[in-house]
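Modelling step: build the complete structure from the supplied sequences, incorporating the hints.
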Amino acid sequence: MPMSAFDQILLIVKESCKHADPTVDESATPKAIKIAKEDLTLTAQNLLQNPLTYFDMLSCITGIDNGPDAGTMEVVYNLYSIPFNHHLMLKIIVPREKPEVESICHIWKSADWLEREVFDMYGIHFLNHPDLRRILMPADWEGYPLRKDYKHQEYYRDIKVEY
Amino acid sequence: MPTDSVQYKSKPGNLNRSVPNKFNAENLRSEEMIINLGPQHPSTHGVLRLEVLLDGEIVKEVVPHIGYLHRCFEKHAENMPYNQVIPFVDRLDYVASMNNEHAYAMGVERMLGIDHQIPKRVEYVRVVVAELNRIASHFIAIGTYGMDIGAFTPFFWLMRDREHILRLLEWASGARLLYNYIWIGGLFYDLPVGFEDRCREFVRYIKPKLQELETVLIENKIFIGRTANVGVLPLDLAINCGVTGPMLRGSGLRFDLRRVDGYSVYPELDFEIPIGDGKMGKVGDCWDRTNVRVLEIHESLKIIDQCLDKLTGEHIRTRDFDPQALIPKKIRPKAQDLYVRAEIPKGELGFFFRADGKSDVALRCKCRSCSFVNLSVLPEIAKGILVADLIAIIGSIDVVMGEVDR
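Protein sequence lines correspond, in order, to chains H and P.
Its first residue numbered 1, the first sequence is counted upward by one per residue in the numbering used here.
Its first residue numbered 1001, the second sequence is counted upward by one per residue in the numbering used here.
Simulated from the structure, these hints should not be mistaken for laboratory data.
Among the hints, a few may not be true.
[As the list claims (entries may be wrong)] What follows is a set of in silico ranges between Cβ atoms, one per label pair, in the way DEER data are often shown: (1) Arg1319(P) / Gln153(H): 54 to 60 Å; (2) Lys1334(P) / Phe84(H): 26 to 32 Å; (3) Lys1221(P) / Lys148(H): 54 to 60 Å.
For glycine and all other residues, C-beta sits at the position ideal for the given N, C-alpha and C.
Structure follows, in structure tokens:
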């Protein structure tokens, strides 16, 4: 039986995952693969360089906060391969107390600003990012606005902050 | 004639200055300088601030600072039902609202699983208004770009012609810029009676005007001199930086989501995908990007023509047709993650949704905006160029700050 494109991708992801086995989320569109955060760099590198997948475009990085009760945050990477027309969603789960992921800036340059935005909104630190600053909010803004338990500060530079 | 009657005899010493300079050139300081461009500068197309490191007139480094137009779109989208987010979506890329709405509505419909049930007439109307708006958006892009680099006339011509499009869309939706016309599962209202004829009239009117535009701007010697070989974006860098839309096509890749993904009724329509070919300079320069936009207007006109044929033939307006028939009373998608993308005039607009299956409010609605990603390539291609070329590059990226900052 010929292997479907997704199975092929899953095989490559499995080979590059050393820390934990990847799990598949079938309900997502495109299909998602959950991997451990330690495996991200190697997986991304292999997905880009493997001639069978060649994911040459990183479309989107999304941060998601699952709330203080769940105690986790997620980072979702949407990859796309122009020559094969493959889509893939990669998911990383990080603890809420110490949210850290390895940056993939050196693999896809588009990750630079997208990671900065996730950092700005969720406070997820991207290790080894060349220039991790806030991007949309002012540099002296307090807190991370898209976290579920976010409370905005009352005053910003003596200006009342209202929702 | 005696030679001593000549009153002035040229000697090399005559050209020496009678008063010596106060400053000595050797003692002058020559060093790098930080220049702040924007956020209130007209050629930055809105509130974009550029921190430019200059060595004389040579740009050594550019650091874009954004966020001046941040309106918390994603936070709002997490606090409102899906259908109420559409007016916010309008305000992302505010010169191409129909295209934004189309992308968003498509995403929610896919989550609900009703994307294949949408009536054909609704889909054709969506494509007509989206393509009209694409033309209007490209008119702004080309017109303001011409003005940035010194051509004043095309801007007025294009604004005049854009007005016809805005009046058509106002007739259909009631608003000039922010329409709230494409709803989840249908449309706000069917096209007004007589719209198809007026639209055809517009297509007939605009074709010779485009010819004029090409003569006065695109093939203009000064315009070519300012844009050819400037801001060359190589294809591999473009893909690695996630650049999409006319910028990517200007770099020579025939990649258009309308063709690649084939969403809505685009597979049934016949249109070309123009790419940059380096006719005036290198492939991927500012001229190529602008020319791709002009060629895309022609393709959009072709699409509109075909859609109007369908709307007056196969899918003609009937008395009992209700474009709101399929609009769900309660929009409650199953728990899932979904990434949807569509081609808007600037590139790939993507929405990432997470629905929890229990409420009609999205748990997360991330907007992947094309202007944001396209702008991030600016520091890469603006190294070692002149300041005047920096302005030419910003204009050719065609950023709309409403979409960059969201």
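For each hint, the structure was consulted:
| no. | hint | result |
| --- | --- | --- |
| 1 | Arg1319(P) / Gln153(H): 54 to 60 Å | 57 Å, holds |
| 2 | Lys1334(P) / Phe84(H): 26 to 32 Å | 29 Å, holds |
| 3 | Lys1221(P) / Lys148(H): 54 to 60 Å | 58 Å, holds |
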